[in-house]
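Student: As a plain string of letters, each chain reads:
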Amino acid sequence: MATNNEIEGFGRVSRTAGTLFRYLLLAATLFGLVFVTILLVYVANDAIRPLTADPGWHLTFFLTLVIPTLAAGAYANRRDIAALRTGVFTIGFVVVALMFSGGAAMIFVDIVEPLTWLAFLLALAVPTAVTMAVVSYDHRVSFVAQFVVTVAAFYLSLFGVPGPLGSLAGVSTMVPSLFGFVAGLPFAPAPWLMMAMTFGPPVAYVGSRYVAGDRDRRTHVLVGAGVLAVVLAGGALAPFAGVDPVPGVVVAAVGIAPPLVYAAGTAVNRPTERVGLLVPATVVVGSLVGAVAVDVVGFAGPQSWVDWAFLTSSHSSTAAEAGFYPAIGGSILLMLTVAVLAFPVGIGAAVYLEEYAPNNRFTRIIDVNISNLAGVPSVVYGLLGLGLFVTYLNQPPGTVLLGGATLGLLILPIVIISAREAIRAVPEETRAASYGMGATKWQTVKNVVLPRSFSGILTGTILALGRAIGETAPLIMIGAPNVKYSLPAGLSEAASAMPLQVYAWSSLYAGDDFYQKAVPAGVVVLVAILLAMNSIAIVLRNKYQSTE
Amino acid sequence: MSGDSLADDLTRRTQNAPPELLSRTFFFVCAALSIATTIGLIVLLTTEAAKFFTFSAPLVGVEGETATVVEFLTGTEWQPTSGRFGVLALVTATLMVMIGSSIIALPLGVGTAIYLSEYASPRVRSILKPGLEILAGIPTVVYGFFAIIYITPMLQPFVPGLGTFNMLSACIVVGIMIIPMVASISEDAMSAVPEELRQAGYGMGATKFEVSTDIVVPSALSGIFSSFILALSRAIGETMAVTIAAGSTAQFLNPFNPATYTERALPMTAAMIKLIGGDVTGGGLAYRSVFAIGITLFVITLAMNVISDYVAQRYREEY
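For the protein sequence lines, the chains are A and B, in the order given.
Note that my numbering has the first sequence beginning at 8, numbered continuously upward.
Note that my numbering has the second sequence beginning at 10, numbered continuously upward.
Just so you know, these hints were derived from the structure itself, not from any lab.
None of the hints are false.
Just a few of them, taken from the derived set where beta-carbon distance is under 10 Å, the chain B residues facing chain A:
| hint | residue |
| --- | --- |
| 1 | D18 |
| 2 | E57 |
| 3 | A114 |
| 4 | V119 |
| 5 | L125 |
| 6 | F154 |
| 7 | M186 |
| 8 | T222 |
| 9 | L239 |
A virtual CB, placed ideally from N, CA and C, is assigned to each residue, including glycine.
With the hints as constraints, model all of the structure from the sequences given.
Tutor: The following block contains the structure:
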């Protein structure tokens, strides 16, 4: 053996292979991300077409928006990196809140009448108050009695007293429900005032709690009054901007007031981060100044396909006029239905498996079954919806309820798995402490486990909801219409959805016209909404992970 | 768990009080619903698919046209309108999606997993992981659109004979779509490899490269394989991207010949969409064939999930 060579080579390690490997791995990691980012930039360019704007338009906004924002950011960064983070977060918050408020406004403009909404809220608020009174009046009232009173209160309030033979026999109700009573009142305040009445106080209450915290009463009242003023101003000023007062109130309450409250909270409670608020302020002022300047000088903006008309009109056979409105509204309704149907069941199943399930064969079967259900292709869930609901239960195809139920079944395993993870992360000691205090299992779940795992569960459910609104195949299988010209008026009407509309445009209307105009615009809206939802989930997760 | 028995002991006296009973029943029903879903899925797919086949149709009381199992499983022509139901034409297309996408996703996914678990600093990881999640969150219909609008035209100068609809772009987008799945499951497996093994490797004078490839990857092999199988089952079930990108002509192609990837084809999922969304209306044989494809798809993906579970359990290195 050539021992000499071995000794000479001993201890020498070539770094080439390792370095090469490291960069190969980095390239592999970045490949997908970069690839998709490039595609997204392409599609955004096709949809928004920034290059069709006048150079002067770009220059104006560069001067009024980009440079001041960068300067404000740099200044905040020099003072405190946390301040910059707060500023950037506020901008994100504004964008997400405005998007959200747009969706909410859509519901109240086209689907739910303000009067119906008010009646429904009152019909829920009164029995809730009755229940709370019963529960807090005397703890010795037996659970069964409490339960009966609660159910009866809710039932009476929503459905009224049925006739002698009950409404099953088709006899009209003897006493109208509170819901029917309010909805049938001959006099009612203006719709926008009703919206302000229902939206203003809760937002004002939460806002004053957030900003004033444990300060004196006066601060609370001031903040609350400020928020109420913003909400009312939304309704009062909307007509001047050419918008109906009802969506004005909703946008003010959901889209404008919360970021303002957050900014006020930062200014009052976190003095070191106050300087970060310069960044969002610069963005808002910069955009306004830029818009006015561009208007005065007469520079044309980009001829974007994602414009007000696209967001508010319905499908058309020419791509330039085709809009996304019914699809957005359909997706919102589907999301609400999915949330109502799938979340309680999913979280309930997770609680059972983590807190109650005995260690036996049946539990293991459920366990394996859930992970297998998570792997079933979405198109097969569509078949389940089609076969079960349409063929056997004779439901009309393509309704919101049907779509929601199908998508709900689809995301149920995902909700269960993520909720279980969140519940498992609750430390065992907190449960033991609760039991040690003499709490029952249900009390422990209600007072310890669910509150402690709330943000984790919320993160998982938002991600699952994101998955649900991106799904197309199940909706096609249950016969959702490709083209819909209006929002569904109720849960039992057929609805389109954003991904379905994109698919319809890129298959039924395949051609350069739609490929270059409507489809990119639809993709941009869809991806923007999904990115917003995902970033909410990620921000939430980072927040609760850092606090634990 | 000891915590459980403690909780049981402490709550035994109250476990049958009405609120306890009510809440426990509710939670149990929620959990049992998942079993009901599976049973419903199996019963429905079986009975509906039974209406399609000659031997089973009389059992479920269906008269009219049927197809034989042999014809379904061995036929190579898929033309529902003229009564040809050879599922092999669809299965080969699905196989092509599987092979094509795995060529992209498996190496990149494992590379990503090694990088994230062994090389990336916590800060880099905290940026890359949400990025990958967002990659996984983009709707498949968007990927399908990307394939026909951007990827196919980009590839056309380099690949002669590439049509507007082709398997190649479909495979590329499906591959990219499943990278996050391979990466996250493999990374979990790699992070579970105990630090002592790595330390031992360094102690023997191994470089980081050698530790990664000779210690971490072999130790996490079962997790990596199970991630492969899960990702492939996802690729098989992937619907919208292939429906949009691969066209709608069923062809019997050789999945092992690279030249066939420039052709258009009709994977199983796309065939289902085409049948339901297209001109076929309720009740006919073509309509029932959807359930026959559906059960084929369900059985394949279920088998892959079970295998993946088995691999992960059976070959896991216990530390």
